[in-house]
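Undergrad: This is what each chain is made of:
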Amino acid sequence: MTTHSYLSRRSLLGLAGLGVGAAALSACGGPSTTSGSGSGAASTDPNGPSFDGVQPAKQITFWSNHPGNSEAVTRQIIQKFTASTGITVNLVTAGSTYEEVAQKFQAAQAGGQLPDVVVFSDVWWFRYYTQNSIIPLANALKAAGVDPTDYRDGLYADYQYAGAQWAVPWARSTPLFYYNKSDWKKAGLPDRAPKTWAEFAEWAPKLQAVAGAGQHAYEHPALADYAGWTLQNILWGYGGGWSKKDSFDITCDTDQSVAALQYVQDSVYKGKWAGVSNKSATDDLAAGACSATIGSTGSLVGIQKAVAGKFQVGVGFLPGGPVSQSPVCPTGGAGVGIPKGIKPENQLAAAKFIGYLTNPESTVAFSQATGYMPVRKSADTSSLLAANPLIGTAIKQLDVTRTQDYARVFLPGADQEMAKSVAQIVTQQADVKQAMSSLKGTLEQIYTTQVKPHLA
Amino acid sequence: MSNALAGAAVARRPRVSPRILREWALFGLLAFPNIALILMFVYRPLLTNVYYSTLDWTLGSSTARVIGLDNYREFFTGPDAATVLGTTAIFTVTTVGGSMLLGLLLATVLNRRLVGRTFARATVFAPYVLSGVGVGLVWTFIFDPVTGVLAGLLRMAGLGSPQWFLQPDLSLTMVIIVYVWKNLGYCAVIYLAAMQAVDRDLLEAAAIDGAGPVRTFVSIVWPLLSPTSFFLLLTTILGSLQAFDLIRIMTPLGNGTTTLMYDAYLQAFGGYNRAGYSAAIATILFVILLAMTVVQLRVLERRVHYA
Numbered sequence: 001m002t003t004h005s006y007l008s009r010r011s012l013l014g015l016a017g018l019g020v021g022a023a024a025l026s027a028c029g030g031p032s033t034t035s036g037s038g039s040g041a042a043s044t045d046p047n048g049p050s051f052d053g054v055q056p057a058k059q060i061t062f063w064s065n066h067p068g069n070s071e072a073v074t075r076q077i078i079q080k081f082t083a084s085t086g087i088t089v090n091l092v093t094a095g096s097t098y099e100e101v102a103q104k105f106q107a108a109q110a111g112g113q114l115p116d117v118v119v120f121s122d123v124w125w126f127r128y129y130t131q132n133s134i135i136p137l138a139n140a141l142k143a144a145g146v147d148p149t150d151y152r153d154g155l156y157a158d159y160q161y162a163g164a165q166w167a168v169p170w171a172r173s174t175p176l177f178y179y180n181k182s183d184w185k186k187a188g189l190p191d192r193a194p195k196t197w198a199e200f201a202e203w204a205p206k207l208q209a210v211a212g213a214g215q216h217a218y219e220h221p222a223l224a225d226y227a228g229w230t231l232q233n234i235l236w237g238y239g240g241g242w243s244k245k246d247s248f249d250i251t252c253d254t255d256q257s258v259a260a261l262q263y264v265q266d267s268v269y270k271g272k273w274a275g276v277s278n279k280s281a282t283d284d285l286a287a288g289a290c291s292a293t294i295g296s297t298g299s300l301v302g303i304q305k306a307v308a309g310k311f312q313v314g315v316g317f318l319p320g321g322p323v324s325q326s327p328v329c330p331t332g333g334a335g336v337g338i339p340k341g342i343k344p345e346n347q348l349a350a351a352k353f354i355g356y357l358t359n360p361e362s363t364v365a366f367s368q369a370t371g372y373m374p375v376r377k378s379a380d381t382s383s384l385l386a387a388n389p390l391i392g393t394a395i396k397q398l399d400v401t402r403t404q405d406y407a408r409v410f411l412p413g414a415d416q417e418m419a420k421s422v423a424q425i426v427t428q429q430a431d432v433k434q435a436m437s438s439l440k441g442t443l444e445q446i447y448t449t450q451v452k453p454h455l456a
Numbered sequence: 001m002s003n004a005l006a007g008a009a010v011a012r013r014p015r016v017s018p019r020i021l022r023e024w025a026l027f028g029l030l031a032f033p034n035i036a037l038i039l040m041f042v043y044r045p046l047l048t049n050v051y052y053s054t055l056d057w058t059l060g061s062s063t064a065r066v067i068g069l070d071n072y073r074e075f076f077t078g079p080d081a082a083t084v085l086g087t088t089a090i091f092t093v094t095t096v097g098g099s100m101l102l103g104l105l106l107a108t109v110l111n112r113r114l115v116g117r118t119f120a121r122a123t124v125f126a127p128y129v130l131s132g133v134g135v136g137l138v139w140t141f142i143f144d145p146v147t148g149v150l151a152g153l154l155r156m157a158g159l160g161s162p163q164w165f166l167q168p169d170l171s172l173t174m175v176i177i178v179y180v181w182k183n184l185g186y187c188a189v190i191y192l193a194a195m196q197a198v199d200r201d202l203l204e205a206a207a208i209d210g211a212g213p214v215r216t217f218v219s220i221v222w223p224l225l226s227p228t229s230f231f232l233l234l235t236t237i238l239g240s241l242q243a244f245d246l247i248r249i250m251t252p253l254g255n256g257t258t259t260l261m262y263d264a265y266l267q268a269f270g271g272y273n274r275a276g277y278s279a280a281i282a283t284i285l286f287v288i289l290l291a292m293t294v295v296q297l298r299v300l301e302r303r304v305h306y307a
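Chains F and R supply the protein sequences, listed in that same order.
Residue numbers for the first sequence follow the numbering used here, so the first one is 1 and each next one is one higher.
Residue numbers for the second sequence follow the numbering used here, so the first one is 1 and each next one is one higher.
Rather than coming from a laboratory, the hints here were simulated on the basis of the structure.
Quick caveat: nothing in here was measured; it's all calculated off a predicted structure.
Take these hints with a grain of salt, some might be off.
[To be verified] Output of the computed footprint for chain R on chain F, the stretches with three or more beta carbons under 8 angstroms from beta carbons of chain R:
1. 94–106
2. 183–197
3. 232–246
4. 300–314
5. 415–423
[Unchecked claim] Listed next, the stretches of chain R that the computed footprint assigns to chain F, with coverage defined by at least 3 CB atoms under 8 angstroms from CB atoms of chain F:
6. 129–139
7. 196–208
8. 220–226
Idealized CB from N, CA, C, for every residue including glycine.
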């Protein structure tokens with residue numbers, strides 16, 4: 001016997017009501033759709049909120065990923081800050097990478113518990129600006145008694161947009177050329193980094209001749225390890241770039257850029273003296289899998305510890321190219337900033353902490369522990385250089401750095417798209433021109449749909 | 001006349017007894033917390049996600065623009081859809097097939113009287129209960145072409161290591177291997193339980209009739225395992241389509257391993273911050289999961305042989 005169930009009018013109305021209720025419920029919360037997609041960031045006072053009559057909070061939270069294994073030294077600085085001001089700082093490990101901190105910070109924007117200070121990498125702060133999630137810092141730094149003119153000009157200027165300062169430099173780095181001195185000696189090379197990539201192409205066969213099985217003269221940084229950052233060096237050396245300087249005009253498919261990336265591809269497939277790191281090129285250097293690579297200054301102390309007793313590591317400026325020999329070194333690393341959606345008391349305490357975290361003494365202690373750059377002009381680096389002379393090379397290189405291409409740091413997801421395109425070139429021997437033309441289309445679409453509407 | 005109609009209406013609607021009302025009240029009391037939690041934490045996010053999929057919304061931004069079905073249109077007309085759907089299909093088919101096949105083979109072995117059988121069963125099942133993040137990290141070290149265990153073994157044999165993390169095909173293969181390794185214990189244990197429930201009389205009868213081990217397995221055991229296979233097919237497909245932790249840990253860029261699930265993650269959290277577009281991908285994944293479940297329940301279940 002079969003039974004039939006009929007949908008009665010009452011059931012139908014009930015279901016309809018349930019559906020309408022569920023739809024209404026689902027529309028609750030989340031973003032507002034009444035004022036368009038503009039963030040309104042551009043209309044913010046470029047000096048930020050006023051702190052007249054505001055007293056700093058007694059407790060704040062700092063979200064970090066501890067770049068360069070900096071948790072211990074950060075805690076030491078926090079202890080001194082608390083002893084000096086009475087403000088306690090809760091240091092939270094908000095992820096192991098800048099991206100993980102960013103995920104958490106952006107999720108917190110949707111209603112979670114916001115931190116009072118947060119680490120911003122070079123590719124993230126601009127997104128927070130377009131999302132109207134952070135405050136301009138001029139008034140906050142003034143109220144906290146921080147002298148902004150003492151920050152190294154280039155590093156401080158990296159966080160400026162629309163006439164406002166959105167973060168201050170903290171764990172700042174540049175790429176460095178790292179090499180294995182023992183391999184250099186075996187190959188009969190002078191004890192220095194190559195001045196140009198052409199010179200290194202002459203050296204590489206000599207290094208390859210003395211290399212062990214499976215070892216490369218050079219290893220390109222891992223694609224997942226910010227390949228778009230370090231490759232700016234060779235792009236600029238050849239007169240190209242991901243985009244035109246200080247512009248969103250994408251130039252990754254120009255003849256100069258293609259020539260630069262053709263050199264990279266040829267080093268792998270024609271010269272066969274270069275490989276591509278799977279995980280971390282500096283780890284591979286320490287493991288003896290390559291004789292040279294490019295890595296962050298923030299890796300310096302870690303590499304020195306890893307190679308201790310095995311071989312001596314040398315460092316030098318990044319090589320130049322046929323068009324430009326200087327400046328061909330991008331700045332990088334991270335700064336710290338203050339969220340918009342927290343109380344003024346917390347913002348003021350956060351500004352005081354930021355000032356202390358990056359003051360001349362703290363920045364030297366931080367550099368000594370990690371290899372990141374001292375960010376203050378008045379920092380006394382003599383003890384730092386005495387303890388680790390190689391840091392001196394990194395500091396000197398700061399004078400010949402160049403601000404990164406907008407396409408890499410200001411376009412959401414550009415780093416991933418660059419890594420995917422470079423992967424095609426160096427792991428699948430794709431046609432460089434085609435890969436770059438395709439990348440240009442992708443980057444332009446990202447700019448048009450995700451960045452341009454948010455700009456003034 | 002009106003009294004007669006009212007009387008008829010009363011007669012048509014029998015009075016609910018206090019006992020039934022009490023039972024309904026008890027039912028409501030017991031079921032309400034669960035129903036409320038399911039509505040709040042399952043159906044509300046589901047509907048919210050569908051709503052978000054109609055927005056041009058950057059994660060972290062307080063404002064968004066309603067764009068209707070544009071996110072879906074972009075996905076299906078974009079250059080990545082074929083790759084993502086293809087990767088999802090390859091990953092699902094190989095991991096489901098691999099886990100079930102190897103699980104069945106292992107269950108067959110473990111069903112015999114072996115020395116240390118209990119230890120072997122526990123060992124086979126252990127990876128399934130381990131953290132995916134931990135498993136991913138350990139296998140990342142094993143596959144590392146420079147410092148990894150596998151590279152060391154290959155070097156001892158005079159061979160170079162494949163570039164597991166650079167070549168998209170090899171990356172996908174690597175993740176599939178680890179996923180199958182982690183999940184085959186689950187299939188093995190379920191199959192083993194089902195094998196042990198097979199009626200011994202049937203096996204003895206087959207033996208008396210002269211059936212060998214292969215014939216017995218094909219004609220007796222396998223048909224009786226069909227409800228188990230059906231259950232495993234359903235659960236492992238759902239699991240594979242939602243695989244995330246191993247892919248995230250072993251191939252963070254998703255180079256060659258971007259399944260629908262991982263694409264949804266990458267679009268929202270992997271640097272692109274496109275929460276609306278990510279929600280559209282998640283909705284597509286939900287529809288695929290729902291369709292596959294319905295098809296399995298409606299079509300495949302008819303072929304299942306229940307003892």
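Undergrad: Run every hint past the structure and note whether it holds.
TA: Structure-based check of each hint:
| no. | hint | result |
| --- | --- | --- |
| 1 | 94–106 | holds (count 4) |
| 2 | 183–197 | violated (count 0) |
| 3 | 232–246 | violated (count 0) |
| 4 | 300–314 | violated (count 0) |
| 5 | 415–423 | holds (count 5) |
| 6 | 129–139 | violated (count 0) |
| 7 | 196–208 | violated (count 0) |
| 8 | 220–226 | violated (count 0) |
Consistency note: the structure conflicts with the earlier hints numbered 2, 3, 4, 6, 7, 8.
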